[in-house]
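**Student:** These are the residues of each chain, in order.
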Amino acid sequence: MATWKRTRGFWVSVILAFAFFAVVEWLIASGTLNVFYVNTLFFMAINVMLAASLHLIIGITGQFSIGHAGFFAVGAYASAVMTMKLQLPFAVGVLTAGIAAMLAGLIIGVPSLRLKGDYLAIATLGFGEIVRIALLNIDYVGGASGMTVTHMTTWPWVFACLFVTILVIANFTNSTHGRACISIREDEIAADAMGINTTYYKVAAFAIGSFFAGIAGALYAHHFYIIQPSNFGFLKSFDILIFVVLGGLGSLSGAVVAAVLLTIVSTFLQNYPETRMIIYSIVLILVMLYRPTGLMGTKELSSLFKWRKAAQGGMNHGGKNTVA
Amino acid sequence: MELIQQLVNGISLGSIYALIALGYTMVYGIVRLINFAHGDVFMVGSFVGFYAVTMLGVGFFPALLLAMASCAVLGMIIERIAYKPLRNAARIAVLITAIGVSLLIEYVTIYLRGAQPEAYPSTLLPDRNLELFGVVISSQSLFILGTSLVLMVLLQFIVHRTKIGKAMRAVSHDAEAARLMGINVDNTISATFAIGSALAGAAGVIFGIYYTKIEPLMGILPGLKAFVAAVLGGIGIIPGAMVGGLLLGVIESLVSGLGYSLWRDGVAFVILILILIFRPAGLFGKNVREKV
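Line by line, the protein sequences are chains A and B. Count the first sequence with the numbering used here and you get residues 1 to 324, in order. Count the second sequence with the numbering used here and you get residues 1 to 292, in order.
No wet-lab data here; the hints were simulated from the structure. Quick reminder that beta carbons are idealized off the backbone N, C-alpha and C, glycines included. Certain hints may be false.
[To be verified] Computed, partial: chain A to chain B, Cβ under 8 Å:
id: 1; residue: Leu115
id: 2; residue: Gly117
id: 3; residue: Ile138
id: 4; residue: Gly142
id: 5; residue: Phe234
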């Protein structure tokens, strides 16, 4: 019974997620949702996956990475090569995307995670640019004109990937390993002194984060018909960063909510890209000036619905708080 | 001879990087902040110079001075509005704000004048080719090199021989102690931003003359590369930024000279990652042990 109490919130969320899946599936099948809404929905899911994966790196482990679009690009191109050039099924493409992005994460992560703060930020930014320039120069993947990709992304695929992403990242955060990552975020030297292998956990967080960014890339590539290196520039990394920062550095639900809301906002402002960027940048500056922890801080949405007893007692049974 | 030709081109390009890198390094030295908006100040300088030449009809030097003055003011405004309130905030917050400011400047410029590029008037500087021992040097690149050198010497003079320069060195060494000695830290930081931004503005005008094409997003790549140059020389060290900038320019020119011109933009970032791994304090920097 005690186990049930502890995991109640988790199972309720899982059931709700599947109910949501069924409803949307029915709406799409019956044609109630038109193409525009489906597009927005898919884009939202991809953004949520990107936000969640960057949240693991920045929000949980505290490693400031601003080259996330690089992993996204690696995933997109890896999957496109698998399905278009080698004619393999979509599932192989998705998996390869994740693994390729994870390898990229390891390659960049192992050397550059010796760096801290500003230097790490610049190194990851440099990595993102190198990926973009490399893709521009490889003729096999089409250079600047990019690759055309068949549409293969369907709602069950999107849902499955999104579900696994959130599940893995949320559970990772609540595990021993997640706690270790949070301790690195709070104070790396202290964590080291407590016997936590900081390098190992930083690289692990980087690898997991880039794995899911790669999966998101696969979904993106097979949804938008064409991928070009210019889609994965610094501005894309910045888009992902703003989800995490605005939602709250250290709050998974905050990042998810921010990704959903900002996707809606940018859909409405699609015809005014300058206005959109001006609003984004002003919001970013204002949030940093007046609420530097982001909108949610390190709180999760679920903590708003906590039973009073748990809130008072300090021992929360839900185990959902990521507050260190 | 081909090699020397590339070397000459590289030094001209490198002196532009060096001018931008100086601003990065000075600001980093004094407030430990990577001023992402610096590349965009450079862009604004370029446009101010362009409009001064085409609309006011002035010559090279008045345009250069005008660009430097307006960039100095812009730099101070940015510092006062966006960075000063965050002086004691987490590093990550300041870094994100800097990215925000950078995007704001870029897109406000696009909003105001559109994204279309402009062509710099080519008659601004006399364009003659000098032949020296079989190497063709355009008088423009000599002009560019000369202007950058004069500005760098001027900067050295300001930093080492004037009162404000002494204050800047003191604040960058220890801001708290400097404040106790009666130095106005806020004004000193403003002055640092002003000087750094003025150099970026000058670099903007020079860049416009050298490459003839300017556009609102032109600041991103030179800005990032100048940052690489600053890291290469050892961030916070003024001579380091000059050497780093020149070195980066020469390496880039050699890479394009070898026929890999499409990879040119990637080289800077490869250098960055290598230098961060093998010598994170830069060529001129000393390793500082971390204290708890």
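**Student:** For every hint, state whether the structure bears it out.
**Tutor:** Status of each hint after checking the structure:
no. : hint   : in the structure
1   : Leu115 : 6 Å, holds
2   : Gly117 : 5 Å, holds
3   : Ile138 : 10 Å, violated
4   : Gly142 : 14 Å, violated
5   : Phe234 : 7 Å, holds
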